[in-house]
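Bring the two chains, given one by one in their own frames, into a single complex with the hints.
Residue numbers (the working numbering), protein chains in the order written: chain G, 1 to 233; chain D, 1 to 420.
Just so you know, these hints were derived from the structure itself, not from any lab. A few of these clues could be false.
Said to hold, decoys possible - Derived pair list, reagent style DSS-like, types lysine-lysine, alpha-carbon separation capped at 27 angstroms: (1) G:LYS5 with D:LYS412; (2) D:LYS412 with G:LYS98; (3) D:LYS18 with G:LYS136; (4) D:LYS18 with G:LYS116; (5) G:LYS76 with D:LYS316; (6) D:LYS320 with D:LYS412; (7) D:LYS412 with G:LYS112; (8) G:LYS5 with G:LYS79; (9) D:LYS412 with G:LYS3; (10) D:LYS320 with G:LYS112; (11) D:LYS316 with G:LYS79.
Here the structure is a predicted model, which is why all the values come from computation and not from measurement.
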Amino acid sequence: MIKIKGLHKSYRIGKNSLHVLKGINFNVEEGEMVAIMGSSGSGKSTLLNIIGMLDVADEGEYTLDNIEIKDLDETKAAKYRNRFLGFIFQSFNLINYKTALENVELPLYYQKVPRKERQEKATQYLAKVGLTDWIKHLPSELSGGQKQRVAIARAMAAEPKVLLADEPTGALDSTTSNEVMQLIQEINDEGKTILVVTHENDIANMCKRIVQLKDGVIIEDKIVEQVRALAHV
Amino acid sequence: MLLFNRDTWQEIFGSIQKNRARTIITVIGVLWGIFIYIALSGAAKGLDNGFEEEFKDVAMNSMFVWAQQTSVPYAGFKTGRAIQLKLENVDLLKSRIPEIQFIAPRIVKGVFGGDPGSIVRGDKSGTYNVYGDYPVLAKIANQKIYEGGRFINQGDIEEARKVCVIGERTQKELFEKAENPIGEFIRIDKVFFKVVGVKKYEENGGGFGDDGDIFIPFATFKKLYNTGDDVGWLAIAAYDNVNVVKVEDKVKKVLKKTHQIAPEDERAIGSFNLGEMFGKITGFSDGLTFLSLVVGIATIIAGVIGIGNILLISVKERTKELGVRRALGATPSEVRGQIILESVFLTMISGVFGIVLGAFVLRGVDAATQDMDIPYANPTVPVAYILGALLIMVVLGTLIGLIPAQRAMSIKPIDALREE
Ligand SMILES: Nc1ncnc2c1ncn2[C@@H]1O[C@H](COP(=O)(O)OP(=O)(O)OP(=O)(O)O)[C@@H](O)[C@H]1O
Ligand SMILES: [Mg+2]
Chain G
1 MIKIKGLHKS YRIGKNSLHV LKGINFNVEE GEMVAIMGSS GSGKSTLLNI
51 IGMLDVADEG EYTLDNIEIK DLDETKAAKY RNRFLGFIFQ SFNLINYKTA
101 LENVELPLYY QKVPRKERQE KATQYLAKVG LTDWIKHLPS ELSGGQKQRV
151 AIARAMAAEP KVLLADEPTG ALDSTTSNEV MQLIQEINDE GKTILVVTHE
201 NDIANMCKRI VQLKDGVIIE DKIVEQVRAL AHV
Chain D
1 MLLFNRDTWQ EIFGSIQKNR ARTIITVIGV LWGIFIYIAL SGAAKGLDNG
51 FEEEFKDVAM NSMFVWAQQT SVPYAGFKTG RAIQLKLENV DLLKSRIPEI
101 QFIAPRIVKG VFGGDPGSIV RGDKSGTYNV YGDYPVLAKI ANQKIYEGGR
151 FINQGDIEEA RKVCVIGERT QKELFEKAEN PIGEFIRIDK VFFKVVGVKK
201 YEENGGGFGD DGDIFIPFAT FKKLYNTGDD VGWLAIAAYD NVNVVKVEDK
251 VKKVLKKTHQ IAPEDERAIG SFNLGEMFGK ITGFSDGLTF LSLVVGIATI
301 IAGVIGIGNI LLISVKERTK ELGVRRALGA TPSEVRGQII LESVFLTMIS
351 GVFGIVLGAF VLRGVDAATQ DMDIPYANPT VPVAYILGAL LIMVVLGTLI
401 GLIPAQRAMS IKPIDALREE
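Chain D on its own, in the form it takes in the complex (with noise of 0.2 angstroms):
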């Protein structure tokens, strides 16, 4: 086989090696092609990570309602009417919009302007945000709970127990290291509660939260700080097929229904959900993924080409070679494949370069952003992408090569030989 010829090899090296700097300068915008594809989509890939790892706690296709104050006048109301979402509203709203899985009432003291609660324990205390929990928060956002703990359950809601789920910063202030806070008594707001939790603080995608943080049934919150059906705000996922978009839509128009707010009133009720935000980074990363093909494989395809000028002028240089080769008995099609092997192992070779180069500069940034605090992780570009790249390389290589290989083997012995 020609291919596994080690005389074919040495012809190769041979011819490329005369034209050394030629070769290099040609190769390297191969190289630089295959390098910028590497290292864009590895790029792309490394945020993509990054921000999955961020939002990993969270559903993807969740979102947040909360009322605020009316700005349109309707039905006999004033504007600037305060709006005050309850506890019924969570029934309605499951009622009437299907594609709601999970929707978990949420009311909180402290965080939005109020004061926080006061939390002593024997001579240690401070200040932190309580809230008003139900279990199902945890199916939409997971609440990550350290070992021999747990979170609020059903039976703390029924019975309206006197329990609390801590933050870890809580933990800190409130215990000596070596002590487990589980069982332990803190009071807040002069109230005795038992710890039977301690949550393990993770930035999500949630907005606000703290690794102070203190959980109570919701049951029990209300009954401390004498709220009744007060819902401070509205936690809701989505099935995982339902884009939350329409859902936020039809939350904020049940609400504002029941909560007789003008349906063009679009202050009354507070909304965000996150997989707008999530579809937009996601974008952004797709963007990247493409923009690093298409720049990779335009600068691939500038390079390969580059190489077929080079194999071109190389062939005009070697006219009078390549008439002596026939002369000795090389036929034609054999000149023809040296000619495309030279292309395909020039375009092989920088590309291979380029994966090497590629590979190393990711690594290089991933090691460089280890410690930092941007989302960006394991940017690595999958096997199947390298593969395709070098197998359009070989393609691209071998079909550019067919223009000089054509007019290498077009040459007449007779014709090069006599040229002087």
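With the rest of the complex left out, here is chain G (with noise of 0.2 angstroms):
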């Protein structure tokens, strides 16, 4: 599903150039969960980014679904994430105006789903993480952990390829992590490919597999045994 080879990264902050991917290879099959693990600034964010089309890299191959991925320009690179991409942030990043089911319409709209078929497909997937009474909700009536079920039903309407999630829970208490973690699990043994970067072995253990990032290079690659989020508790 994810082919990556030889992928550099650098940022220029003035004169200096920071070197944050010295050299990624890394493929993910399809039905994947890996977990991105690494101190802070070793690059997993950056990584998770060039994987989801919202930075580019300086160097490398990058292919998604077989589709190599380089000298995209915006519009291209906007329809692609529509397409192959869902996110899922720290911060939730709902649009604080809509409602619940307006902001899991959002990626259906700009894919052109017509109206009624968006709000039954938003509808769905509300449901599906166990939202059925909070549509209505603005996000600030809503709870963290509703908020980021929220945008998993957002990111899973569109009904990408790949489901990209930078900490999904950190800004979550371990309970509602765990209820997220789970939620993320049935996703992917319905055979999602997820992608999950974090901090907390607890969290990466919930993966199939654990990729340690240190100083721009991959250090450790190693299938895991996957705990059940449900029986963590």
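This is the structure:
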């Protein structure tokens, strides 16, 4: 599903250049659930953003679902993101003046899905994350866990090939974190490819594979026995 | 199409409602501009219409000329000599000044210090101004005669008939209400005259004139009052394409020459022209129209810039939101389109409200001045002006929207999302 070869990324800060990713080689098969770990500043988010086409690499190859991703202009990147990728952020990033339903509808709106179908689909995905009773609520009326579940429903609504989650539980307490991880595991059970960036070993162990980043390279890549979030409590 | 998509509008409403208070204040800016524009140009049009109404019965390029006393000694004459216009001056002026279309010699008993004629009918009597006139006068200043009557005609002049046209008030004072004055006789300074018409009284640019005035043929007048070939003053209409001020100068020059008046004598011949006065009035309303255009457009521009400003701020505030949208698949041009539409929409809403408000105020003023004696009628703003204003606003709204839209477009989703 994801093939990355010799990926480099530097940031320019004034006159200096900060080499963040120094040759990443990394493949992900369909249906995998991968945790990306590493200390702060090791380049986890940078890698995820490049995979998510929110950022571009300086060097290296990236293939997503057999499509070579290169020479992206903003319009093309937007279309690819819309069709192939679902994002879950640490800070939820819901649009605060839109209801849960409208938030979930948004990627479908940009897919030009007709209104009615859009609403049905969004309702369906909100039901899947257990928020049927909250579809008319604004984000400010939801708890952190509920917000993240709306965000997950939004990421899923567009039916992406890969789900990218950057510290999805970073802003949640451990109980809520487990609930969210349970949801993500269930989505993975249905066969969706998922990448989760995390600091926490607990969370990483709920994935099927852990990739360790340090100083811009992968220092460890291992398959682990998945811990089910439900059993964890 | 983006424009006719319900979702597009829902997105726009959503983001406008988010900043409701500021949106309203900004909208008021543009609204005020278009309101000023509509109200002022409507008022200018109203004045224009009002003056036109006032002057509609008078040839706009007409003038009057009369004689006074000399103020400069000339050709052996002492200063202070009284000048008398004569009938032969009419032909002289006509032959010398081809720009003259009509010329009507007039004379009056009353008005200028003299005693008015004393009029008697049966046991009723009164004093009224009596004018000696030619039919050509009607060509210079329209003489409205009530149904069944007529103004003085050529036959009256040739035969010096004892006929007269009376004023509305004269009719009221000398006749019973139900009585038809046409064909009846009245005595003007002891001579019987047959009434042939009743003149509708209208205040016009002539300056004097009264609803009791009586008109008789010039030829009859001079016999009745023994005035010979004397003329009180001349009413002159120039051809439409001629500058009446120039004609006025020429007329005075010719008259000075034939009456042996010093060319530099400013007092001996008096004159007055309507063209100049009318020009001043139309100049005034033209000026008002121009002013309304300048002020209105300046205010509209200021308002539209305000809208651009609020959108710029709102784009900055919404950086994160726009980043999220981009991450979810909004293309840069979709983001730009949305911001521009917001701008145009705000501009149009303000414009339409401004126009409606302006129209209401114009109606109100029109209704309030309906019964007042001021020249103000039908203060309409041509549809083309309104459409033009709306068009300008759409264009300005788009142009000003381009700035925040460009900014929104250049937001990189990665940077927007990183911003905490
Ligand atoms: N836009 C940028 N400009 C300059 N430097 C950047 C930029 N984005 C990231 N960096 C730097 O690159 C390095 C890697 O950043 P990254 O966000 O990928 O770290 P991370 O592993 O996600 O850390 P954390 O666990 O704290 O989220 C950091 O040193 C960061 O300061
Ligand atoms: Mg990070």
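Going through the hints against the structure:
Our distance criterion of 27 angstroms between C-alpha atoms is met by G:LYS5 and D:LYS412, whose separation comes to about 25 angstroms. As the CA atoms of D:LYS412 and G:LYS98 are separated by approximately 22 angstroms, the hinted pair is consistent with the 27 angstroms bound. Taken as a hint, the D:LYS18 and G:LYS136 pair is honoured in the structure, with Cα atoms around 17 angstroms apart against an allowance of 27 angstroms. Among the hinted pairs, D:LYS18 with G:LYS116 is consistent with the structure: their alpha-carbon atoms are about 25 angstroms apart, no more than 27 angstroms.
About 24 angstroms separates the Cα atoms of G:LYS76 and D:LYS316, which keeps this hinted pair within 27 angstroms; it holds. Between the alpha carbons of D:LYS320 and D:LYS412 the distance comes to roughly 10 angstroms, so the proposed pair stays at or under 27 angstroms and holds. For the proposed pair D:LYS412 and G:LYS112, the alpha carbon gap of about 22 angstroms is at most 27 angstroms, so the pair holds. Taking the CA atoms of G:LYS5 and G:LYS79, the gap is about 23 angstroms. The hint holds against a cut of 27 angstroms.
Annotation: proposed proximity of D:LYS412 to G:LYS3 holds, straight-line Cα distance about 25 angstroms (limit 27 angstroms). Note on D:LYS320 and G:LYS112: the hinted pairing holds, with a Cα-Cα distance of about 22 angstroms set against a maximum of 27 angstroms. Taken as a hint, the D:LYS316 and G:LYS79 pair is honoured in the structure, with Cα atoms around 24 angstroms apart against an allowance of 27 angstroms.
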